[in-house]
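Assemble chain W onto chain E, guided by the hints.
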Amino acid sequence: MKPASFGYADPTTVEDALDVLAADEGAKVLAGGQSLLPLLSMRLAAPTTLVDINRVPGLDGITVSRDGVRVGALVRHVQLLHSAEAAAAQPLLGRATANVAHPAIRNRGTTVGSIAHADPSGEMTSVLALTDGSVTVATPGGRATIGWGDFFVGPLETSVHGPAVVLDAFFPALPERSGTAFAEISRRKGDYAVCGAGVVVTLDADRRVSSARAAYLSVGLVPEVHDLTDAVAGKPVDSADWAAAGELARGLVDPDGDLHASADYRRLLVATLTERTLATAAAEAARRTA
Amino acid sequence: MTTKLFGEPVRRREDARLITGQGRYLDDIGSSAYAAAFVRSPYAHARIVDIDVTAAVDVEGLLAVYTYEDLVGPMAEPLPVLIPHPQLTAPRTGYPLAKDVVKHVGEAVVMVVATDRYVAEDAVDRIAVTYEELPVVVGVDAAREAGSCVHDDVPDNVAARHHQETGDVEPALAASPHTLSFTQYFERSAAMPMEGKGVHARWDADDSSLRVYTSTQASTSVRAAIAAKLQLSLERVEVIAPDVGGGFGVKIVHPWPEELLVPMAARLLGHEVKWSEDRREHFTSSAHERQQRQEVTVGYDDDGRITALDVHIWHDNGAYTPYGIIVPIVTATQLVGPYVIPVYRVQVESVFTNTVIVTPYRGAGRPQGCFAMERAMDRIAQERGLDRAEVRMRNLIQADQFPYDHHLTFQDGRPVIYDSGDYVGLMGKLKALVHWDSVEERRAEARARGRHLGIGMAMYVEGTGPGPYEGGHVQVLGSGKVLVSTGLTSQGQGHETVFAQLVASELGVPMEDVEVTTGDTRRFGYAVGTFASRAAVMSGNAVALAARGVKEKALRIAAEVLEVDPGDLEIDEGLVQVKGTPGASIPLRTVAVLSNPLRYAFDEAAKQATQFAGPGDDSKPPVAVGDAPGLEHTDYYSPVRSTFASGAHAAVVEIDPLTWEIEVVDYAVVHDCGNVVNPMIVEGQVHGGVAQGVGGALYERMAYDRDGQLQNASFMDFLMPYASEVPDVVIDHQETPSPLNPLGLKGAGEAGVIPGSAAIASAIEDAVGRRIAAMPISPTELYDLVRSDADQVTNVGPKTTGVLA
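Protein sequences appear in the order of chains E and W.
Mapped onto this note's numbering, the consecutive letters of the first sequence carry residue numbers 59 to 348.
Mapped onto this note's numbering, the consecutive letters of the second sequence carry residue numbers 2 to 806.
Bound-form chain E, shown alone (with noise of 0.2 angstroms):
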């Protein structure tokens, strides 16, 4: 378990770095190397050259506007979890990132690495799905805005292909009259979710729901975002019926068994945390409306 020999390089500018990814077809960006290094050490991956971004500066920030977060490629999920802006514009980000495996992969993994590495059993994942969020790609070409849902393409699998750089992700603010909760059921405290849930829930000015979205950990090939509004859609928040919501989860997604779960296991997990974190979202989105 010890990497074969590659490259290093770690450049000072988004520019220098793109250079290397572009002189080396098998080189790969290297931020927190939680995810990583361990393959390297198991010889799944063998980058020729690793493209350290660490000593570049500006990537390290965390941006909270009126309009959402901004989390550059730098930034540790131990400063997202502990950010109390970030937190207050978008409350997913912080109950997610606790969730993200352990604090030591806490203090060197980075958020935007763990989108990168496009695992759909990552907290982050979820959640930049879940808020209809974005990243920033930097190539030769120029620097472009992706969303999501034509960032994830498969397993570990993004859209961009090429010399590139991810430089931040972007996640919306939380809308009005709206609640968040996240929960997730592993093995193991701190072990990748045996399924998650991250959930918006949005009233109307009555204390309606008019909306109940809902993103899974675990359970597809990519983030999935379901709208679960049909279920709950106009009740009133103390009286809608999330058990039908997560009822209708069940049935929307389509999850695969492993060691540690069954399809069918993971479909009663999606109903029930569905269920659990609706009603808890509902309730801090009551809150947000009085």
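Do not rely on the hints blindly, as some may be mistaken.
Partner residues are not named here, just some residues of chain E that face chain W (Cβ under 10 angstroms, in silico) [to be verified]: (1) D118; (2) I243; (3) S320; (4) A329.
Output of the computed footprint for chain W on chain E, the stretches with three or more beta carbons under 8 angstroms from beta carbons of chain W [stated by the list, open to error]: (5) 61-73; (6) 321-328.
Don't read these hints as lab results, they were simulated from the structure.
The C-beta atom is built at its ideal place from N, Cα and C for all residues, glycine as well.
The following block gives chain W in isolation, referenced to the frame of chain E:
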């Protein structure tokens, strides 16, 4: 006496070193050593057609490549069957490097030595081995069906048939008022020490000698094996176990192929060579344990008293049997636990599968035996409508029945005679500790919170401290330092502390003056090893006896100097003094100096022992007739048979009825290991054991697919519990001293793990009302179980027999 330390919770003296990074583990040794790495079989059963190393030859830094063809003499012979047994009729072992055929994924085929491990792995990647796949046997049921065989000359896959009976079971069952039968399964787990195996070897060509460091539980026996296999004289080989990062049984197996191959390479290359096992190698190339299929029939009367017990066990021993049939014999003989079983018959078929070998892992067959017996108790309770604790009480061996002879033969060939115990006492303490009788209130309270609560219990008796012997050496230096050595090894248990406590107590010296060395053949060449909860019993008694020998000699020498009777002397705080006469004394360190008459004075202390020192009396030589120089003594402890520790565990679980997550909310342990040398260390042992018990019950399994590929060979998917999954453990002690050894000790190392699966299965069953007949159990399996509408639902199915669907 101020130096009485026996029984005190003395802080572990090794911890400061180990937890501040000052430990010296295998991989800390030999930074300039060449590195070995292995090409291992990717197939569970295959014929080796060709090994092509051409592509590896160009790797810069490659030094040597070895295959079976390079092995000579005893190295080319099969690895030893360490513990032969008459009923092990088809013992099979592999070769240090595979010869012709591989029989499990992970079996070593080629050894590469290079300048470092990175380069060695580069070379490994470039070696092309061509295999012809052969039919694969995975899981105890497939082995039993014998659709194909692991070893061509063992067509039924049965390595051993073990059988014991204490009477005529069939008529006893026929005469029983009630009988019940059930079949259940227990899964594979593994010891999984944090530090894998590892070997470092240095050949001294000028001295023709070999020094080997290995992360082992048996350095003296590794030494003998290396000497035999490499055809070296024993005194040319020294083997040292450095700090070892956990063993839990897997490192008692020896010689591992690497323990022979690395020294062989060091000798051939004339350079230090090291191999440090990585985690993936450990999963597929070390050892696992625990898979069994158990068929149990039990007879009992109206009161729930057992009248007869008939058990048939199918034990998966993996591809080879280097450690004999110790594990299934332990299951067979320890299954009866603390109960009176009027007639008992046990039959074991130990079967080959194309999987990693099975050798003792903490508990060593006992968790399975406990699972069989305790689940039988639960079923009897349910059938008779009795409290589970009450059924157990009615079957317990009573305090006045000791020594209690089960008329069985233990794994060491000695009789299973329980030396002492108080099982009724254990049960009383356990019920109080876990509030057994008020569980219905807790259940109602949990129900109100939307949780299913259940409670379960399990009891065990554990044969500990088997022989044949261990030795101890105690030496007092002229500086006052007391050197203690024993041959068995340490893997973090706290031996440095406990043995120092014992010697300080026996000898009457401050504990700070005592230095303990274990597992170093340079210091003590005779030993058996650290396993079977035996270190305190065996080496503890041996070093105590050696200390008594030193004390006797010290008093004799001091008596001459002080011109008193030795019987009037005592040693306290390192001072030999006349009892009740202040001032009439001599430091023990001076006695040590006097014990060794010298010609040459190399320091102030030595000057006192030279021939012209002081007004000596020629008629009273400091070394008495028959005495050897030096204030030291070696002694051995050899038990007549094992001593039997015991305990009772209870688990309280809460289950989420929507997600079927299982949480162990309370875990109570009552533990009896005889006299306790250090209660803090014993509790630590219990805590660690419980953690592994919870792991085995709820998290860990070896997920082999039908092709014999281990699907979860990493800590990502093999779910060893974190601290967050392990419950707080409450402990109560009971001490029934063993009459078999001078200190009255019984072993404590394995106890904590034994009843975990039985107690937790019982608790889950109590919570959800469905029969649990296979462990471990995960939430997804519990969900399958509870939504099945069959009447007598169990979770036995192909998925839980060791093969993934």
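Here is what the structure says about each hint:
no. : hint    : verdict
1   : D118    : violated, 28 angstroms
2   : I243    : holds, 6 angstroms
3   : S320    : holds, 5 angstroms
4   : A329    : holds, 9 angstroms
5   : 61-73   : holds (count 3)
6   : 321-328 : holds (count 4)
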